[in-house]
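A.B. asks: Just so you know, the sequences run in chain order A and B.
Quick note: the first sequence, position 389, residue 389 per the numbering used here, numbers continuous.
Quick note: the second sequence, position 43, residue 43 per the numbering used here, numbers continuous.
Heads up, a few of these hints could be off.
Said to hold, decoys possible - Here's a subset of chain A near chain B, in silico, CB distances under 7 Å, partners left out:
no.	residue
1	I2
2	E4
3	F8
4	V38
5	P41
6	A116
7	R149
8	A202
9	A430
What the hints assert, rightly or not - Between beta-carbon pairs, the in silico distance windows are:
no.	chain 1	residue 1	chain 2	residue 2	range
10	A	A151	B	A12	24 to 32 Å
11	B	R163	A	T392	56 to 64 Å
12	B	E332	A	V360	47 to 55 Å
13	B	A67	A	A478	27 to 35 Å
14	B	A359	A	M574	32 to 40 Å
Stated by the list, open to error - Which bits of chain B does chain A cover? Going by a derived footprint, with three or more residues having C-beta under 8 Å, they are:
no.	stretch
15	13-21
16	106-116
17	136-146
Keep in mind the hints are simulated off the structure, nothing from the lab.
We put the CB at the ideal spot given by N, CA and C, even for glycine.
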Amino acid sequence: MIVETGHFALVLALALALAQAILPFVGARLRDVSLMRVARPVAVAQFLLVATAYGALTYAHVVSDFSLVNVIENSHSLKPMIYKISGVWGNHEGSMLLWVLVLSSCGAAIALLSRAMPDLLRADTLAVQGLMGAAFLAFILLTSNPFARVADPPWQGRDLNPILQDPGLAIHPPLLYLGYVGFSIVFSFAAAALIGGRIDAAWARFVRPWTLAAWIFLTLGIAMGSYWAYYTLGWGGFWFWDPVENASLMPWLAGTALLHCAAVMEKREALKVWTIFLSILAFSLSLLGTFLVRSGVLTSVHAFASDPQRGVFILAILVAFIGGALALFAFRASALPTGGLFAPISREGALVVNNLLLTVACATVVIGTLYPLALEALTGDKISVGAPFFDTVLIPIALPLVLLMPIGQMLAWKRGDLLAALQRLRAAFAAGVVALAAFGALYGAPVLSIVSAGLAVYLVIGAFTDIAQRVAQGNALARLRGLPLSAWGTSIAHAGMGLSLLGLAATGWGVEQIVAMKPGVAQEVGPYQITIEDIASRAGPNYAETYAVMALRKGGETIARIEPAKRFYQARRMARTEAGIVTLGLGQVYAALGEQHEDGTLDARLYYKPLVLLIWLGAVVMALGGGLSLADRRLRIGVASRARTAAQPQAAE
Amino acid sequence: MIWLLFALLTGAAVMSVLWPLARKSDAADAAAPDIAFFEEQIAEIGRESAEGRLSAADAETARTEAARRLLRARGVSSGAAASSRRNAIVAAASAIILIPALTLLLYGKLGRPDLPDASLEARLEAKPGHTDIASAVARIEAHLAEHPEDGRGYEVIAPFYLRNGRPAEAAAAYEKALRLLGPTPHRHNALGEARVLASEGRVTAEAMSEFDAALALDPKSAMARFYKGLEAAQTGAREKAEQVWSELLADGPADAPWRPRVETLLAQLRGAPAPESAPASEEGAKIAAMPEAQRTDAIRTMVERLRGKLEQDGADVEGWLRLIRAYSVLAETEKAKTALDGAHKALAQDKDGLARVDALARELGVGG
Numbered sequence: 001m002i003v004e005t006g007h008f009a010l011v012l013a014l015a016l017a018l019a020q021a022i023l024p025f026v027g028a029r030l031r032d033v034s035l036m037r038v039a040r041p042v043a044v045a046q047f048l049l050v051a052t053a054y055g056a057l058t059y060a061h062v063v064s065d066f067s068l069v070n071v072i073e074n075s076h077s078l079k080p081m082i083y084k085i086s087g088v089w090g091n092h093e094g095s096m097l098l099w100v101l102v103l104s105s106c107g108a109a110i111a112l113l114s115r116a117m118p119d120l121l122r123a124d125t126l127a128v129q130g131l132m133g134a135a136f137l138a139f140i141l142l143t144s145n146p147f148a149r150v151a152d153p154p155w156q157g158r159d160l161n162p163i164l165q166d167p168g169l170a171i172h173p174p175l176l177y178l179g180y181v182g183f184s185i186v187f188s189f190a191a192a193a194l195i196g197g198r199i200d201a202a203w204a205r206f207v208r209p210w211t212l213a214a215w216i217f218l219t220l221g222i223a224m225g226s227y228w229a230y231y232t233l234g235w236g237g238f239w240f241w242d243p244v245e246n247a248s249l250m251p252w253l254a255g256t257a258l259l260h261c262a263a264v265m266e267k268r269e270a271l272k273v274w275t276i277f278l279s280i281l282a283f284s285l286s287l288l289g290t291f292l293v294r295s296g297v298l299t300s301v302h303a304f305a306s307d308p309q310r311g312v313f314i315l316a317i318l319v320a321f322i323g324g325a326l327a328l329f330a331f332r333a334s335a336l337p338t339g340g341l342f343a344p345i346s347r348e349g350a351l352v353v354n355n356l357l358l359t360v361a362c363a364t365v366v367i368g369t370l371y372p373l374a375l376e377a378l379t380g381d382k383i384s385v386g387a388p389f390f391d392t393v394l395i396p397i398a399l400p401l402v403l404l405m406p407i408g409q410m411l412a413w414k415r416g417d418l419l420a421a422l423q424r425l426r427a428a429f430a431a432g433v434v435a436l437a438a439f440g441a442l443y444g445a446p447v448l449s450i451v452s453a454g455l456a457v458y459l460v461i462g463a464f465t466d467i468a469q470r471v472a473q474g475n476a477l478a479r480l481r482g483l484p485l486s487a488w489g490t491s492i493a494h495a496g497m498g499l500s501l502l503g504l505a506a507t508g509w510g511v512e513q514i515v516a517m518k519p520g521v522a523q524e525v526g527p528y529q530i531t532i533e534d535i536a537s538r539a540g541p542n543y544a545e546t547y548a549v550m551a552l553r554k555g556g557e558t559i560a561r562i563e564p565a566k567r568f569y570q571a572r573r574m575a576r577t578e579a580g581i582v583t584l585g586l587g588q589v590y591a592a593l594g595e596q597h598e599d600g601t602l603d604a605r606l607y608y609k610p611l612v613l614l615i616w617l618g619a620v621v622m623a624l625g626g627g628l629s630l631a632d633r634r635l636r637i638g639v640a641s642r643a644r645t646a647a648q649p650q651a652a653e
Numbered sequence: 001m002i003w004l005l006f007a008l009l010t011g012a013a014v015m016s017v018l019w020p021l022a023r024k025s026d027a028a029d030a031a032a033p034d035i036a037f038f039e040e041q042i043a044e045i046g047r048e049s050a051e052g053r054l055s056a057a058d059a060e061t062a063r064t065e066a067a068r069r070l071l072r073a074r075g076v077s078s079g080a081a082a083s084s085r086r087n088a089i090v091a092a093a094s095a096i097i098l099i100p101a102l103t104l105l106l107y108g109k110l111g112r113p114d115l116p117d118a119s120l121e122a123r124l125e126a127k128p129g130h131t132d133i134a135s136a137v138a139r140i141e142a143h144l145a146e147h148p149e150d151g152r153g154y155e156v157i158a159p160f161y162l163r164n165g166r167p168a169e170a171a172a173a174y175e176k177a178l179r180l181l182g183p184t185p186h187r188h189n190a191l192g193e194a195r196v197l198a199s200e201g202r203v204t205a206e207a208m209s210e211f212d213a214a215l216a217l218d219p220k221s222a223m224a225r226f227y228k229g230l231e232a233a234q235t236g237a238r239e240k241a242e243q244v245w246s247e248l249l250a251d252g253p254a255d256a257p258w259r260p261r262v263e264t265l266l267a268q269l270r271g272a273p274a275p276e277s278a279p280a281s282e283e284g285a286k287i288a289a290m291p292e293a294q295r296t297d298a299i300r301t302m303v304e305r306l307r308g309k310l311e312q313d314g315a316d317v318e319g320w321l322r323l324i325r326a327y328s329v330l331a332e333t334e335k336a337k338t339a340l341d342g343a344h345k346a347l348a349q350d351k352d353g354l355a356r357v358d359a360l361a362r363e364l365g366v367g368g
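Extracted from the complex, chain A is given alone in its bound form (with noise of 0.2 Å):
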C-alpha cells in the first residue's frame, strides 16, 4: 500500500505541476491577483507529493519490496543499509525521481521565502518552475518508472554496481542536483523578467540568494564527486575531463560567471540583459549534462542504462526549455530597459573581464565535451578530445584570469584606479614571488607547477589583502565587526580558489609508480619506502575482497599501515579496486592492487602527492565564502566614488 500510495502521488504530483503552471500564470497575463496566488500553496503541495513518492521508494528499497523492478535491478537484501538508501538515486529511476524531488522542494522554497516579492514576478516564476516538474514527471512516469511493478517477485535481486556501493554516493549526487537544479530557480527568474517584462536591483537581490546557494551546492558537489573519482578509481587522478564531469563544470564555470555579474546589476543596474543570459546559460548548462547523461549518448560509470526513447524525450524537454527561453530572449531582451554606463577600470569592468574569461573557459569546455560527439554522428569517427586540448586552451584563460582577481577585488566601484590598486598589492605580488623561488628550490621543474604555484599564494594573499588593509586602519576591532560578511565571503571564496590552484600546481610534483612488488621487498615513492608485509582474503556482506598489507616508512620508521584491495561482487560479478591511501599533512600516499602473478608478485600502482588534499580542500572553503556571503542578508549598495579616493578604504562590498 505505501509503494502504490507512493506511485499514486507522483501521478498526482504531475497534475498538480500542471495547475501550477497554467494558473498563476493565466492569474499574471489577466492580472488576477488570487489566480496568482494558487502559485505559493500548489508549489508547495507539489512538493509534498513528491517527497511521499520518494519516500515510498526509499521504503521499498529499505526493505527489500521485490515487487518493484527498480529494486529488483538495483538492490540486493544484503547490502548495507547505507547503500539502500543512496541506492535509490544510484540508478536511472531513482535519480530522475531525486532530481524532481530537488526541482519541486526548490519551488516549494521559492514559495515559502518569497513574501517580499511582487506577485507578478513570483506567479511568472512559479509557473515556469511548474512547467519544468511537469515536463520532468512525465519523463519519469512514461519513459522510467520507478514504480513499475511485477506480479512474481523474485527472491533476490541484482545489487547495485559496486563502483556505487561506497559512501560518496550518499554525498554526491544530491549536492550535485541541488546546484544543478538551483539553478533552476535562477532561470525560472531569468524567463519571469523576459515574459514580465521588468528587471531591476530588486529583481537581482531576490535572484542573489538562489544563486549563491546553487553555486555553492555545484561546487560541493563536483569536488566532491571528484574526490569519489580519486579514491574509488584506482588511478590516482581526479579529473579526466571525462564528458560527464564536464557537464557538471560548465554549469558552474557559467554560475560563476552569473554570481559575478549579477553582484553587478544589483549594485549598479548595469549589465541587466547580460545577467538574464547568462541566468539561461547556466541552467541550460545543467539541462545539457542531464541529457548527455541520462541519454545513453555517452558511456560511463554515470549513464545507468542507454534507451534510445528516454534520450529523445530528454532531448524535447532540453529543446523546449533552452529554445523556449532563448527566443523568449530574444524577442523581449530589447524590451528591457537597459542599465546605467560605466568606465573600464572600475569594479564593473572588472567584474566584465571576468565574465569575459569565465565564458570563453565555458565555451571552451561546451565545444571540447559536444566536438566529438557531434562528429561522431555526423561521421562515425570516435575522437576523444582529452586533457591536453583543455589543457592547452584553459591554462592560458585560467592563469590570468587568476592574475586578476586580487586586482578586480582591489578597484572601487563605478570609477577605480589601477595603480593605486596594484600598489596596495605590493605585499601579494612579493608573496608570490618568494613562493615561486621558494617552490622552485624546493620542488624544481615542471615550470608551470612552479608558475601556478607562485600565483596561487599570490591569490590567496591578494583576497584577504583589502581585509587587512582595511582593519590596518586603527581601532581594529571595530572595523572587523563593521566588515559586511559579503566581503568575507569574497575574500575566502578567493582564497579557496587559490588554495585549489596550489594542489593542482602540486600535482606535477607527484611521483607515480607503476610495479610489480615483492612481498618484503621496499618500493621507492617519493620520500617514503612502501612494503607489503601480508597478502590475504576476506568475506565482506556481499563481497569477497583479496588485500594487501602495507607498510610505509620514512628513514627506517613505519608511519603508517593501509590495505589496498581488489574487490569481488558476486551478485554482479564484478570487481572493483579499493585504493589504500594514507593522508600525511595535505600529501598523501595512494596504492592500488592490480593483477597478482604465479611467482607471488603484485602488480601495484603507487603514487606520492604532495598537497592534493588542498585541490579539494580549496573548493570547500570557496563554498564556505559562498556560505557567509549567504548569510549576508544586508542589502548590497552601490556606492560611486570618485577616482582620487579610490586609494582609501571603501565600503564597496
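On the provided structure of chain A, position chain B as indicated by the hints.
C.D. replies: Below, chain B without anything else, positioned relative to chain A:
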C-alpha cells in the same frame, strides 16, 4: 482502503488550488514590493553611514541613486491589481474536474493498486513451510547475513546455488564452509567442483588445488581423481589422464554412478581427441586464459555476436544449437527460450533442423 487514501490525497491536492481562490485577496499594489525594496535600501544607506562605514559623500551619492530608482518605481505603480470572481470560479471548477481526472486516467494506466507491498521480511514470514526452495534460500541468506560465522548455513545453501546456475556463488559459499567447519575431502571436492562449473567446465589451477587437498586427506577419493584425470585431459597430458581414469575404474565399485561417464571419457580419449577438451579456436584459447569475470564478459559478447548473426541469417542450424546451449550454460533461461522461438521461426522450412533443435531443448529443459 487504498482508494480511500488516494481520495484523501487527491482532495488535499485540489484544496491547495481552491484555498487561495476562495480567500478574499487584498488587492495589493503591484509596485509595492519594489517601493519597499528601495525604501529599505535608502534606510540601509542611512544605517551604514551612521555606523561610519560609509563616508558622508559616498552615502549622499548612493542615496541619490536609490532615490532616483524609488521615484521610478512609484511612477510605474499602476494602481491595484484586481481579482475577479468569475476567473476564480472557472479556475476552481477546472481544478476540481481536471486534477482528479488526469490523475485517475494516468494512474489507471500505470498503477497496480491490486499489488500489495511485498517486503522481503514479510514474504519470508508468510511462507514458514519449506514448500518453496527459493524462499528457503532467501531465509538462509538473511540468517547468514546476521551470523556470517555459521559454516553449516553455507554448506546447506551452496548446492542450491549450484543447481540454479550460480556456481560462482556456490564456490564462495563452499569456500566459507571449508574455512569455518574445517577441511574434509568432501568439502574440498565440492569447492573444487563448484569452481570447475564456474569456469564453464575447465579444471583451473584454483580448482585443482582443492582436489589435490582432498587427495591428500583421502587418496582414494573418486571425485578428486576424476577431476584430476579431466585436468590432465584438458591440458593435453593424455597418458596421465588415461592412467588416472583407468586406476579409478579398477578401484571403484562396479555399480558406482560415475562409472559410465568415466568410461565414455576414457573411450573418447583413446579414440579421437575429445572435442570439448581443448578450446577449439585461437579465440577460445584466448578466452580460456582470461581472468574469470573478464572471461564471462567475453563469452557473453561472443554469444551476442552469434545471436546477431542468426538474426541476419537464420538458416544455420548449428548456430541455433550453439546459441541455445550457450544461453542454457549461462543460466539465461529467458534468452534460451527466446532463442528457441527464434529458431522455430527461422527453421520453419527445415524439418530435420527443427527436430534437432527441439531434441536439444528437451535435453536442456528449455521452453518446457
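A.B. asks: Is the distance from the Cβ of A67 of chain B to the Cβ of A478 of chain A consistent with 27 to 35 Å?
C.D. replies: Given range 27 to 35 Å: holds, Cβ gap about 29 Å.
A.B. asks: Next item in the hint list is P41 of chain A. Is there a CB on chain B closer than 7 Å to its CB?
C.D. replies: holds, 4 Å
A.B. asks: Has the hinted range 24 to 32 Å been met by the Cβ atoms of A151 of chain A and A12 of chain B?
C.D. replies: holds, 30 Å
A.B. asks: Would you settle whether the hint for A116 of chain A is holds or violated, based on the nearest Cβ-Cβ distance to chain B being less than 7 Å?
C.D. replies: holds, 6 Å
A.B. asks: Hint V38 of chain A vs chain B: min CB-CB distance below 7 Å?
C.D. replies: Hint holds; V38 of chain A Cβ to chain B Cβ min 5 Å, cut 7 Å.
A.B. asks: Per the coverage rule (Cβ-Cβ under 8 Å, at least three residues), is the stretch 136-146 of chain B covered by chain A?
C.D. replies: holds (count 5)
A.B. asks: Is 32 to 40 Å right for how far apart the beta carbons of A359 of chain B and M574 of chain A are?
C.D. replies: holds, 36 Å
A.B. asks: Please check whether A430 of chain A passes as an interface residue: C-beta within 7 Å of a C-beta belonging to chain B.
C.D. replies: Hint on A430 of chain A: violated, closest Cβ of chain B at ~29 Å, above 7 Å.
A.B. asks: Can you verify the interface hint for F8 of chain A: is its Cβ closer than 7 Å to any Cβ in chain B?
C.D. replies: Hint on F8 of chain A: holds, closest Cβ of chain B at ~5 Å, below 7 Å.
A.B. asks: Is the interface hint for I2 of chain A satisfied, with its Cβ closer than 7 Å to some Cβ of chain B?
C.D. replies: Interface hint status for I2 of chain A: holds (6 Å vs cutoff 7 Å).
A.B. asks: Under 7 Å is the threshold here; is the Cβ of E4 of chain A close enough to any Cβ of chain B for the hint to stand?
C.D. replies: holds, 5 Å
A.B. asks: Given a cut of 7 Å on the nearest C-beta pair, is the interface hint for R149 of chain A held or broken against chain B?
C.D. replies: holds, 5 Å
Hint violations for this structure: number 9 only, all remaining hints satisfied.
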